[in-house]
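Undergrad: Sequence:
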Amino acid sequence: MTRYLRNGAIAGIGGGAALALFLVLVGESSISDAIAIEEAGGHGGDAMFSRTVQLVGGGIGSLLIGAALGAIFGTVFAATRHRLPGGEDWQRSLWLAAAAFVTIQLVPAIKYPSNPPAVGDPDTVGQRTGLYVLLVAFMVITGLATARFAGWLARRDTTSQTRLMLSAGMWLALVTAALIVFPPAPDPVNAPATLVWHFRMASLGGVLAFWTATGCAFGVLLSPRVAREPSAKVAGEA
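Numbering of the sequence shown is given in our numbering, commencing with residue 1 and proceeding in unit increments.
Keep in mind that the hints were calculated from the coordinates and are not lab data. Where is the CB? At the ideal position from N, CA and C, for every residue including glycine. Be aware that a few hints might be false.
Claimed, not checked - Taking CB as the label site, the calculated pair distances span:
(1) PRO184 x GLY57: 30 to 40 Å
(2) THR129 x PRO192: 17 to 27 Å
(3) LEU164 x VAL125: 36 to 46 Å
(4) THR52 x ALA173: 44 to 54 Å
(5) SER32 x ARG155: 50 to 60 Å
(6) THR158 x THR124: 44 to 54 Å
(7) ARG81 x PRO186: 39 to 49 Å
(8) PRO186 x GLY57: 24 to 34 Å
(9) THR52 x ARG155: 50 to 60 Å
Put together the whole structure using the sequences plus the hints.
TA: Dropping the structure here:
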């Protein structure tokens with residue numbers, strides 16, 4: 001377990017670096033435009049820190065959060081490794097990273113997409129955050145329930161095609177129900193549509209970059225060649 005936890009944290013730091021780099025290169029222009037609109041409307045106020053300091057702080061925060069998420073990723077991988085598809089650990093790692101992206105970001109973003117600073121009432125931050133967290137929790141439960149259902153089908157000697165269709169149907173039904181039942185976002189979107197679209201795509205792309213980099217790095221760290229190098233080094237020193 002320690003190896004998975006350590007490698008997960010290292011991979012998460014790499015993912016955090018990929019996230020920070022992507023947002024600086026792709027998302028910064030949208031954020032700057034949104035801040036300008038907010039300030040033009042008299043809602044920006046005096047920033048406590050300059051934009052440069054905010055970027056540096058955001059980058060450090062991405063690395064720290066990446067390390068924490070990576071450690072959780074490694075723990076989940078260790079617990080579910082024997083159930084993940086793929087013949088090798090790097091394939092299983094990519095599958096788990098893809099599942100994390102869909103569960104934590106993609107589906108919740110369909111219902112509650114991220115908005116630039118020019119959008120949203122500060123008084124509804126708690127409500128918006130609570131709705132998003134509840135939807136993420138529901139998606140995690142949905143994923144676990146779908147995996148249990150697939151295992152139940154497997155124990156009854158159903159074919160792989162049948163398991164795939166029934167499990168996917170169950171997952172889609174639960175996700176569709178959640179998207180319908182959960183209340184809409186409380187704030188109207190009053191910023192330019194192009195700005196909002198670019199910001200949302202940049203946010204989604206940044207998270208995709210994080211999970212792609214984390215999954216790839218974790219898979220590489222678990223590869224037989226990399227895993228043997230520390231042992232070989234110790235043996236040579238002895």
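Undergrad: None of the hints should be skipped; say for each whether it holds.
TA: Checked hints:
1. Between PRO184 and GLY57 the beta carbons are some 32 Å apart, a value that agrees with the proposed interval 30 to 40 Å.
2. A hinted range of 17 to 27 Å holds for the C-beta pair THR129 and PRO192, which are about 24 Å apart.
3. Checking the proposed 36 to 46 Å range against LEU164 and VAL125 shows it holds: the Cβ atoms sit about 40 Å from each other.
4. The hinted window of 44 to 54 Å between THR52 and ALA173 holds, with their beta carbons roughly 48 Å apart.
5. Judged by the Cβ atoms, the range 50 to 60 Å given for SER32 and ARG155 holds: they are separated by roughly 55 Å.
6. Between THR158 and THR124 the C-beta distance comes to about 46 Å, which sits within the given range of 44 to 54 Å.
7. Distance hint check for ARG81 and PRO186: the Cβ-Cβ separation is about 41 Å, which falls inside the suggested range of 39 to 49 Å.
8. In this structure the hint that PRO186 and GLY57 lie 24 to 34 Å apart at CB holds, the actual value being about 28 Å.
9. Our hint of 50 to 60 Å for THR52 and ARG155 holds, since their Cβ atoms are close to 57 Å apart.
The structure fails none of the hints (numbered hints given earlier).
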